[in-house]
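All chains should be modelled from the sequences, with the hints used to inform the complete structure.
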Amino acid sequence: MLQQTTVAAVKDYFRRFTERWPRVEDLAAAEDAEVMSAWAGLGYYARARNLLACARTVTRSHNGRFPETAEGLQALPGVGAYTSAAIAAIAFDEPAAVVDGNIERVTTRLCLIETPLPSARREIRLEVERMTLSRRPGDFAQAMMDLGATICTPRRPACVLCPLALACKARATGRQEEFPHKLAKKAKPFRRGAAFVARRRSDGAVWLRRRPNQGMLGGMAEPPTTGWSSRSDGQLGIEAAPFDADWSAAGTVQHGFTHFDLQLEVFRADIDYIDDDDGWWAPAESIDQEALPTLMRSVIAAAFPELSAIRGPRS
DNA sequence: GAGTCGTGGGG
DNA sequence: TCCCCAAGACT
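Under UniProt numbering, the first residue of the first sequence carries the number 1, and numbering increases by one thereafter.
Honestly, the hints are just simulated from the structure, not real lab data.
All C-beta atoms, glycine included, are put in the ideal place defined by N, C-alpha and C.
Calculated lysine to aspartate or glutamate pairs in the DMTMM-like style (CA-CA distance at most 20 Å, straight line): (1) K182 x E123; (2) K182 x E114; (3) K186 x D261; (4) K169 x E129; (5) K169 x E127; (6) K188 x D261; (7) K169 x E114; (8) K169 x E123; (9) K182 x E127; (10) K185 x E114; (11) K11 x E34; (12) K185 x D261; (13) K11 x D146.
Label-pair distances were calculated between CB atoms; the ranges are: (14) Q263 x D12: 25 to 33 Å; (15) R20 x S61: 21 to 29 Å; (16) R20 x P212: 24 to 32 Å; (17) D272 x G227: 24 to 32 Å; (18) S119 x V160: 29 to 37 Å; (19) L126 x V160: 24 to 32 Å; (20) G227 x V160: 51 to 59 Å; (21) V160 x F260: 39 to 47 Å; (22) E178 x D12: 30 to 38 Å; (23) E239 x T5: 32 to 40 Å; (24) G256 x A184: 14 to 22 Å; (25) A81 x L236: 40 to 48 Å.
Given below as structure tokens:
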């Protein structure tokens with residue numbers, strides 16, 4: 001959960017996951033849909049699919065026990081260089097080189113690594129391997145991460161409080177805020193599409209479908225939308241509607257993703273039935289139980305502001 | 001190696 | 001308001 005996500009954002013999700021699925025075999029036995037629903041709002045949804053696949057692998061192929069080496073751990077779905085090293089060091093006392101975003105920043109400053117990210121990663125790893133001792137490797141990794149999170153911060157690092165200040169090569173020349181150097185990022189493209197929110201007259205239920213497992217928001221629920229993939233914009237108007245209804249415009253929703261900005265035209269309609277088996281009616285009172293990413297919650301709220309269950313932060 | 005993949009908070 | 005970035009992984 002903490003991959004590219006702050007502790008504050010993760011905290012409640014972690015609590016709910018571990019209460020609902022306390023043991024790895026509990027999670028392994030869960031349905032895909034309930035895990036995606038519990039992850040909804042946290043982002044990077046491939047992590048949820050990987051976490052579930054990982055729990056099933058550990059339960060079914062490793063006799064319910066996690067591998068105890070970084071190499072073995074990295075073979076699990078969703079467990080890469082950082083996570084495998086962190087678990088090996090913290091849980092199993094293996095002197096593995098743990099390198100996360102914090103440690104990249106600390107190390108480029110400490111060792112004055114001028115090479116820009118991401119190509120600096122190899123040098124950084126070598127320096128971290130050199131600094132990682134066999135004694136208390138897990139505490140060392142967490143100390144370095146906490147140093148980056150609280151003192152060696154991206155802006156205005158608190159060098160006067162830093163235990164490594166005298167050893168820091170960047171600090172010695174007063175250039176600490178320049179690091180890490182980074183390659184210039186390209187401009188975010190702007191993409192458009194349309195979304196269609198249908199509500200059933202009899203009970204106010206909302207028509208949803210499931211997005212394919214691959215790609216953006218993979219495996220998550222949505223009201224029917226046009227394509228808005230990284231390849232191409234979707235169609236924009238009513239003519240792109242998934243089925244015939246008395247559609248009316250309900251404004252637009254803007255959403256920023258990591259690598260593009262998106263604007264969706266939202267249309268809404270009240271209907272009696274749908275001749276379509278590629279979706280389901282989500283009851284109005286329990287629509288917050290659906291695996292709806294934040295973008296799709298905004299879309300539904302734009303179409304039907306009176307649907308109170310959709311509003312506000314997830315709880 | 002370079003893209004792809006979410007969301008929210010802080011400066 | 002805008003930009004940055006967060007206990008990265010995968011293709």
